[in-house]
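> Protein chains in written order, with this note's numbering: chain A, 184 to 485; chain B, 184 to 485; chain C, 184 to 485; chain D, 184 to 485.
Honestly, the hints are just simulated from the structure, not real lab data. The model shown is predicted, which means the values in this text are computed figures rather than measured ones. Heads up, a few of these hints could be off.
The list cannot tell twin chains apart, which means a pair is met if one copy fits it or any two copies do.
[As the list claims (entries may be wrong)] No farther apart than 25 Å at their CA atoms in a straight line, the calculated lysine to aspartate or glutamate pairs in the DMTMM-like style are these: (1) 408 to 256; (2) 408 to 366; (3) 408 to 427; (4) 298 to 331; (5) 408 to 349; (6) 275 to 240; (7) 362 to 256; (8) 298 to 427; (9) 350 to 268; (10) 362 to 285; (11) 350 to 380; (12) 350 to 383.
Number of protein chains: 4
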Amino acid sequence: MTLTQGRAPRPAEKVRGTHHQASLIVQGADATGIVAALTSVLSGHGANIVSLDQYSDNAQGGAFFQRTLFTMDALQAALPALRADLDDRLVKQYGLTYRLRDLSVPKRVAIFASKSDHCLLDLLWRHRQGQLPINIAMVISNHPDVAEEVRSFGIPFFHVPSMGPDKSAAEVEHLRLLKDNVDFVVLARYMQILSGEFIERAGVPIINIHHSFLPAFIGAGPYAKAKERGVKLVGATAHYVTEDLDEGPIIEQDVVRVSHADTAADLARRGADVERAVLSRAVLWHAEERVVRNGNHTIVFA
Amino acid sequence: MTLTQGRAPRPAEKVRGTHHQASLIVQGADATGIVAALTSVLSGHGANIVSLDQYSDNAQGGAFFQRTLFTMDALQAALPALRADLDDRLVKQYGLTYRLRDLSVPKRVAIFASKSDHCLLDLLWRHRQGQLPINIAMVISNHPDVAEEVRSFGIPFFHVPSMGPDKSAAEVEHLRLLKDNVDFVVLARYMQILSGEFIERAGVPIINIHHSFLPAFIGAGPYAKAKERGVKLVGATAHYVTEDLDEGPIIEQDVVRVSHADTAADLARRGADVERAVLSRAVLWHAEERVVRNGNHTIVFA
Amino acid sequence: MTLTQGRAPRPAEKVRGTHHQASLIVQGADATGIVAALTSVLSGHGANIVSLDQYSDNAQGGAFFQRTLFTMDALQAALPALRADLDDRLVKQYGLTYRLRDLSVPKRVAIFASKSDHCLLDLLWRHRQGQLPINIAMVISNHPDVAEEVRSFGIPFFHVPSMGPDKSAAEVEHLRLLKDNVDFVVLARYMQILSGEFIERAGVPIINIHHSFLPAFIGAGPYAKAKERGVKLVGATAHYVTEDLDEGPIIEQDVVRVSHADTAADLARRGADVERAVLSRAVLWHAEERVVRNGNHTIVFA
Amino acid sequence: MTLTQGRAPRPAEKVRGTHHQASLIVQGADATGIVAALTSVLSGHGANIVSLDQYSDNAQGGAFFQRTLFTMDALQAALPALRADLDDRLVKQYGLTYRLRDLSVPKRVAIFASKSDHCLLDLLWRHRQGQLPINIAMVISNHPDVAEEVRSFGIPFFHVPSMGPDKSAAEVEHLRLLKDNVDFVVLARYMQILSGEFIERAGVPIINIHHSFLPAFIGAGPYAKAKERGVKLVGATAHYVTEDLDEGPIIEQDVVRVSHADTAADLARRGADVERAVLSRAVLWHAEERVVRNGNHTIVFA
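Given only the sequences and the hints, what does the whole structure look like? Please build it.
What follows is the structure, encoded as C-alpha cells:
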C-alpha cells in the first residue's frame, strides 16, 4: 500500500476472473438458432464458455442481447480468425452486430472531476485495490484542488480551467488530451455541462453520476430540491451522457433513507455515499462489458 | 382466525403499547423552556412519559415539534383538567398548538379502493392481526369486485359507482357516508381523482398511495413511464392528499430494484409489494399520531 | 375477485411468460462444447431460446449449471424426441444430468401451516393474482384455525392434528394425502419438525421458511434470541429441508432494520413481513425452475 | 483539499450542529417526573433544547434512557453549576446516572489497523471532510503498510509489531501510546485479538468492526464460512469490544446481497463496502453521544 507509482499493482492482473478471458456482446433482431450458431463458432475455436447471459425483449421476434464470457488458449493470436467466423455467421447470416474484447486489456479511462472528491477518491482507491479492470489514464479538473491527491495514487492530473459561459477553449484542450488515449470518460461529479459537439467529437462513451434518483430532480441543486419537496429517500443515478441533460440511458441507481431532521447539507452528505457506490458499480460494469445500450435503455448483465 | 365479525379481535386491545396511553403533539415557534413547561404540566397530573421525541428545524429560533407518549391513571377522567393546563401553559404562554389524544380509542377510517386489492387486503389483514390501531368503519369502491372479500373480514362495503367526468353525485354519496363516521380516509389504489371541494368538505386527513417514487412519474401510468425511462428502481409514495395532484406532503416512500428484463407489468407487480408496505406504514404512523404536518412537509416520529 | 372456486383465475394462463415455454436445467462437470451441443439440439428441434443463464464454479474444469428457457411449437408432442436427443448428447456424451419441464403445466404444491397465517395468506393471495405458476393442491395444518380462510380461496384444507412427541400417525396421514398429488411441499411457518423418514418417503422437495437470518439463531424462538443478542436487523431464510434442522440449502434470505425500542413481539411482527416476502420469492423461483441444488448450496437463476 | 496537515480543516467546526452544543445522556430506573426535573434544570440554566430522545424499556417501571441535545450561552463557564444541579436533581433525587459533554470538544480517538485499508481510509476521508466530530490522535498498526497513506492525511502513525502468541510487549506499547491521549479506540479491521487485561487497562470504549452479521460466523474467516454455508447476504457488525470475542454490545449492522456466483474473495470485496459503512456510522454515533450501553445491548438515538 505505498503510493509510489512504480510499485502500484497492475489492476488487470488482480481483478477477478479476467485472465485470458474475452467477452462477446451480440445484439440484433432475435431469430431461432442464434445461440446455437454463436456457441458452435466459439466451441469450434476451442473456447470454453464461462458464463452466458441472454435477454430477448419479446419471445416472439423482438430484440436479442447476449453477453458471453469465455476463455481460450492463445487468445490474442486466435482473435482474427474468430472475428472472421463471427462476421460470417452472426453478421452476414443473422444481421447481428457484435463486440468482441480481450478482457486482459484494461479499458483506458479519463476521469473528470471538480472540487468534490468523494466519487473520484472511491474510483482511485478501488482501482488501487485491483477492484476495477481499468487503466486510469488521467484525471482532468476545472479546479486544482484534487491535484495532490490524484498524483499520490500515481495518476496524471491535468488542470483545465473552464470559466465563463464559453467552454469551447476548455473543450478543445479536453479533446486534445483525450484523443486516442482513452476508451471512455467518467464524470465524477464534474460540475460543467458538456456541449453536444464535445460529446460527438470525443467519440467514446461518457458516464455521468447525477446526484438524484432520475427522473426526479433533473438539473442543478437536486438535494435542495429534495429537501424542498420533503422526500424520504435521496438517490443517485449513473447514466451515459447524451446531448439531453440528465436524459441519457440509465446504468445504475440507488437510494438511501433520509428524514425530516436532515438538512439539505445532510442530504448531500448521505447522498454522497450513494453517489460513489452507484458510480463505481456503473464503471465496473461498463469496464467488464456488462452494459449494452439499446436506444435510451441499458441491458445490464450484472 | 375465523372470519365472523362477532369474533374478530378488537384491534386496540392487541396493538403494542396503546393501553391507557395518550399522545400529545405540540408544534409552534421554538422558545427556551417549552419542554420544561410541557413536562411539568404532565408530571403535575401524574403522567409517566413513555417516550418523547422532539425536533426543532433550527437551533436558533425555528419551528418546534414534539410528540410525547404518556400513561396516566384514570386517563379519560383527567383529560379535561389536563387540557385546561395545557391551554394555559402551551397555548397562552408560548403560543403553541397541541393535539392530545387517548390512544386507547382507535381512529376510525374509511378505505377507498377500486379493482386492485393488494393495498386493501394488506390493511384488512394487518387490522385483523391487531397490527393497526384503527377501526375500519367502511370500505367504499367504485367497483363491486372486492365486496365479498371486504365483508369476509367483517367490514361494511359500499359500492358507489363513479362513471363519467362528473363525480359530483358520487362525491355527495361519499360525504354522506363519511359524515361524522371517520377520522381519516385512506385511498388504497382508488383510481379516481377527488375534487378540491370534496377534500375540503370531508374535513379529515386523506392518505393516498401513489405508485411511483414522487416526484418522479407524477400522474397516470407511472409504471409505463418508468419502463419507458429505463429506471433501475421503482417505488411508491404515501402522502396526504391536497388539491394539487401528487403534490401533497409525503409521509413515506420506498423502492425495489428492477431490471431491464422486467416488463411494465413486472414493474407493476414488484411495485405492488412496495405500495402495500409503504401504505401500511403510513397508516400505522398516522394512527399512532407519529406524523405532524408542517406546510408541505411531514415530521415523522417513527 | 370473487372467492368462488369455479371462477378462480387459472394461474398458468396469467403468469408472465410461461405460455408454451419449457425450461431445461443442465448440470454436471464442465467441458468445452457443452453449450454448443445443448443449443444445437434445441435449435435442431426448432426451439427458440428466450433466456439462457449459465454458471461454472471454476473456469478451468469445475461444475457447470445452466438454465435455458425456450419456446417451441407443439411442445408436448415434441418432448419425447427432444429428450432422446438430450440423452444422446448431454447424458451419454458429456455425462451431464438434465431436467426438462413444460412450464405450461404448473407444479402442484401442498402447503403446511400452523396458526400463523401471514405466509400462508400471502401465497394464497399471490396465487389468486396469478403471480405464482403453481396449483395449490391442498393446505394441511395441525390446527383448524385457518380452515375457513383457506377454503375462501377455493383450496382444500385438511386438519391433521399432531399432538405429543410421536408424530408418526400424523406423518402417515400426511404421506397418504401427498402421495402422487404434489410436486413439492411448502412449510409456511409449520411449527412441527418433520422426521427424516417423512422427508425421505415424501420424495419431493420441501421448502421451509425459518424466521431468522441463518445461520444466526438456529432452532426455536429466533426472535427472542435476536432480542436477547441485541441485533439491529432481523431476517428470514427460505431453504430446502434436510434431516439437519435449519441446515438445508438456502434459497433466499432477507432482513429488515429494527431498533432497541422493538420488543421481541415487534421483531416478530417486522420479521413476519420479511418471512412472507422471502418465502414467496423462494416458491416462485422453485416453481419457475430457477433453483438448482448443488450439495448444500443453491444456484439461483433469478 | 490539500493534504498538508497545517491546512487541514478542523473537523469540529464543520460538523453539523455541534457548535456550542452539549449532550446530556441520562439513564437509570424509570420514575414519574424525571423528564420534568431534567428539563426544568436545563431551562433554569437558560439552555435551549434542540432535540430530546427518550426510551423506557417498560412503561411500568423499567429502565430509562434519554439523550438531550441543547445549546447554551457561555456553555463552558456554566457547566460546573449545571453539573451541581444535575447531581442534586437526577443523581440524589432519582438515583440516575448522567453523562454531560460539550460537543464542541471533539472526542480523541486512536485507530488500530492492519493491512486492509478500506475501513481506515474511509474514516480518514470522512474526518477530512468534516463528517466526523473526532480528533484522530494516532493510527497504530502491526504492519507498516499504511504508514504513508495515514501520514498523507496529516495523522501520526505508529508501527507496533505484534508477532508470536505473546502480545504483552505490544500491548504495553499500545497502552503507553494511548495513555491520557484518547477517549476511545477504533479497531478498523485490526487482525489481532486484544487481551482482557488490555481492554481493562485501556479504560476507554473500544469499537470493533466484525466482518459478518453477528451472531452468524463468529471468529476468524467469516467470508469463507459464509461461502461454505451458501448464504444470500453478507454483513458486518460494529460492536463494543468485551473480553468475549465478537460477543460485545452491537452498535450497528448492515448487509449486502450476494449470489452463488460470488467467490469467497467476492464476498470479502462486497462485504468491505458494508464494513466501512457500518463502522463509520458507529464511530459517528459514538462520537455524537448517540449510543448508550445497557448491559450487552445498546440504545442508539440515531
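> Please name the hints from earlier in the document that this structure breaks, with their numbers sorted from lowest to highest.
1, 2, 5, 7 and 9
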